[in-house]
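Since chain A is already given, all that's left is putting chain B on it; use the hints.
If you read the sequences in order, they're chains A and B.
Going by this note's numbering, the first residue of the first sequence is number 1, and it counts up by one from there.
Going by this note's numbering, the first residue of the second sequence is number 1, and it counts up by one from there.
In short, the hints are calculated from the structure, not lab data.
For every residue, glycine included, the Cβ atom is placed at its ideal position computed from N, Cα and C.
All clues given are correct.
Listed below are the simulated EDC-like cross-link pairs for lysine to aspartate or glutamate, each with C-alpha atoms no more than 16 Å apart in a straight line:
hint	chain 1	residue 1	chain 2	residue 2
1	A	K92	A	E144
2	B	K5	A	E187
3	A	K110	A	E77
4	B	K3	B	E191
5	A	K260	A	D14
6	A	K202	A	E2
7	B	K3	A	E2
8	A	K3	B	E2
9	A	K140	A	D117
10	B	K257	B	D51
11	B	K111	B	E77
12	B	K154	B	E191
13	B	K92	B	D51
14	A	K3	B	E191
15	B	K3	A	E187
16	A	K3	A	E201
17	B	K3	A	E191
18	A	K3	B	E187
19	A	K156	A	E191
20	A	K5	B	E187
21	B	K110	B	E77
22	B	K3	B	E201
23	A	K92	A	D173
24	B	K156	B	E191
Covered stretches of chain A, going by a simulated chain B footprint (3 or more residues, C-beta under 8 Å):
hint	segment
25	211 to 217
26	222 to 231
27	250 to 259
28	270 to 278
The primary structure of each chain is shown beneath.
There are 2 protein chains.
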Amino acid sequence: MEKRKGSLLSFRPDIKVLDATLRDGGLCNNFAFSDEFARALYAMNLAAGVDYMEMGYKASRDLFDPAKFGKYKFCNEKDIQNIVGENKTAMKLSVMADVGRTDFRRDIGKKADSVIDMVRVACYIYEIPAAIEMIEYCHKMGYETCVNVMAVSKAKDEDIDDALNMLGQSPVDVIYMVDSYGSLYPEQVAELTKRYLAAGEKWGKSIGMHAHNNQQLAFGNTIEAASWGASLLDMTVNGMGRGAGNCASELLLGFLKNPKYRLAPVLRFVTDYMLPLREQGVRWGYDVPYLLTGRMNSHPSSAIAFLREGRTDYENFYNELCEKD
Amino acid sequence: MEKRKGSLLSFRPDIKVLDATLRDGGLCNNFAFSDEFARALYAMNLAAGVDYMEMGYKASRDLFDPAKFGKYKFCNEKDIQNIVGENKTAMKLSVMADVGRTDFRRDIGKKADSVIDMVRVACYIYEIPAAIEMIEYCHKMGYETCVNVMAVSKAKDEDIDDALNMLGQSPVDVIYMVDSYGSLYPEQVAELTKRYLAAGEKWGKSIGMHAHNNQQLAFGNTIEAASWGASLLDMTVNGMGRGAGNCASELLLGFLKNPKYRLAPVLRFVTDYMLPLREQGVRWGYDVPYLLTGRMNSHPSSAIAFLREGRTDYENFYNELCEKD
Numbered sequence: 001m002e003k004r005k006g007s008l009l010s011f012r013p014d015i016k017v018l019d020a021t022l023r024d025g026g027l028c029n030n031f032a033f034s035d036e037f038a039r040a041l042y043a044m045n046l047a048a049g050v051d052y053m054e055m056g057y058k059a060s061r062d063l064f065d066p067a068k069f070g071k072y073k074f075c076n077e078k079d080i081q082n083i084v085g086e087n088k089t090a091m092k093l094s095v096m097a098d099v100g101r102t103d104f105r106r107d108i109g110k111k112a113d114s115v116i117d118m119v120r121v122a123c124y125i126y127e128i129p130a131a132i133e134m135i136e137y138c139h140k141m142g143y144e145t146c147v148n149v150m151a152v153s154k155a156k157d158e159d160i161d162d163a164l165n166m167l168g169q170s171p172v173d174v175i176y177m178v179d180s181y182g183s184l185y186p187e188q189v190a191e192l193t194k195r196y197l198a199a200g201e202k203w204g205k206s207i208g209m210h211a212h213n214n215q216q217l218a219f220g221n222t223i224e225a226a227s228w229g230a231s232l233l234d235m236t237v238n239g240m241g242r243g244a245g246n247c248a249s250e251l252l253l254g255f256l257k258n259p260k261y262r263l264a265p266v267l268r269f270v271t272d273y274m275l276p277l278r279e280q281g282v283r284w285g286y287d288v289p290y291l292l293t294g295r296m297n298s299h300p301s302s303a304i305a306f307l308r309e310g311r312t313d314y315e316n317f318y319n320e321l322c323e324k325d
Numbered sequence: 001m002e003k004r005k006g007s008l009l010s011f012r013p014d015i016k017v018l019d020a021t022l023r024d025g026g027l028c029n030n031f032a033f034s035d036e037f038a039r040a041l042y043a044m045n046l047a048a049g050v051d052y053m054e055m056g057y058k059a060s061r062d063l064f065d066p067a068k069f070g071k072y073k074f075c076n077e078k079d080i081q082n083i084v085g086e087n088k089t090a091m092k093l094s095v096m097a098d099v100g101r102t103d104f105r106r107d108i109g110k111k112a113d114s115v116i117d118m119v120r121v122a123c124y125i126y127e128i129p130a131a132i133e134m135i136e137y138c139h140k141m142g143y144e145t146c147v148n149v150m151a152v153s154k155a156k157d158e159d160i161d162d163a164l165n166m167l168g169q170s171p172v173d174v175i176y177m178v179d180s181y182g183s184l185y186p187e188q189v190a191e192l193t194k195r196y197l198a199a200g201e202k203w204g205k206s207i208g209m210h211a212h213n214n215q216q217l218a219f220g221n222t223i224e225a226a227s228w229g230a231s232l233l234d235m236t237v238n239g240m241g242r243g244a245g246n247c248a249s250e251l252l253l254g255f256l257k258n259p260k261y262r263l264a265p266v267l268r269f270v271t272d273y274m275l276p277l278r279e280q281g282v283r284w285g286y287d288v289p290y291l292l293t294g295r296m297n298s299h300p301s302s303a304i305a306f307l308r309e310g311r312t313d314y315e316n317f318y319n320e321l322c323e324k325d
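The following block holds chain A by itself, in its conformation from the complex:
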């Protein structure tokens, strides 16, 4: 029987944390972060000992109008360097590239010309071949690569095994479990992590966890995955992310025992930058409608629309969800 790795008091040097605030948080405000915010976040992540900072998406300008989104939707090299300079630090930088929404041959150049260290390819499970094409390309360009297989709560075990086998034979470095709908319970996360880890150990890949907080389980599921061997853990400051948001940096860094992590800079950043965002009306975090889409294992878009309309008739919303499926 598999055993948990490490104990609650020990730390595993293989565990690394990735701050996805600009990327997943950007989904809450169309990526309209100020330069001051991004620079302060970068400095804070450095001070907190964060291992990776995700700068945003590499979205295609043909599909998304740059006039309608902040720069972190596109992550042009000069915009990123304007924030991080040459990033001569121990912290690595990542961008996310969605399968089908990234013009990767045009927009992702050689690592030698970029401050970005890792490209995270996001795909649904039926897009694995397209993801592998991007992974191979980015690998050849010199980047670390990562694949985020989204909506894993909808996938069948046999498809997951198939996907893990295909990804195992690719040059990808990290394979992520992504609970896009915040529908997984910790027991399911444990089983899933064991399944991913078995493939990871066979093929020499690390396993990552990206959780959502629809059922107030983002933190619980993240540390559950970590305890069974996941080693790259996503978080966002104050849990900022689409809908119910993500595992909060302040929860995760408060839990991990690696002495290089520091909680105080995160706390100060919440006070100085996240509370003002909320005051400006940017919304994210647990709320009843997200619990309901999470429980129903469905996309949070209907809950986001419900809240945007100012509705509070949760029972009707629940009935609508039940009829849909």
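Here is chain B on its own, set in the frame of chain A:
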């Protein structure tokens, strides 16, 4: 090796849920619930299939001024009957009696004269002998009895074993784990549940779980405890409870698979009664200061004071907490 009980799809008939909204939620508003609120909550719990509803505390009028607290602090028989009538239903009613703050010989009469079914005795671990005196008294009066051993995260394993042995030999029906500070992680809850359950199986006692949401783990810890055999699970509507609050009824009833539970009445009650409470300024639920007291395994009182003062300087608060211990 112990195994989890049941699966995520099955239901265990031994699992019962207890709504503690009037009691733990009352700590947020000095128990100033209107009769309309209490009656609607009672009707909602019945409609939702809830097994136990806690009406409040049996606090001593000598220690607490009835002019300063709502009636659910004292739970006089006539006040309760004014809400629930004779309660000729399948749902049982409970009250909580704090060791040292209840004049139990004066205020707790015979079960034959009361609509209350169960007395829950709350104590710290060093008060077990006093708790047993109350348990024996209430048992003789004809009540089901329950003991809530608070702040178990501060107790040593050997003291817990000692307490379980003493309680095992008492007439108490249910022994609760109470994570008063919201500081336990699921792995700890699993170990603790196994420890409590071993004693419970030896002495013929059920095990209960009362969680707090300081680290957004109240729901996760509750279902973790349930999976290892805890069978009486506390919840409050919308998680209303002291500080970061409790396991939310809407989360727990959305998870449990017993077909007798209904989620829709809870959702309607949140809309009709809990949102108005929040609009009136009653505060509860996860916030950064509670995460910090939870992580430090300390009482939330300092976090409650911090928020009441309108402070948001989390980093300073964290430094103050670190200095205290």
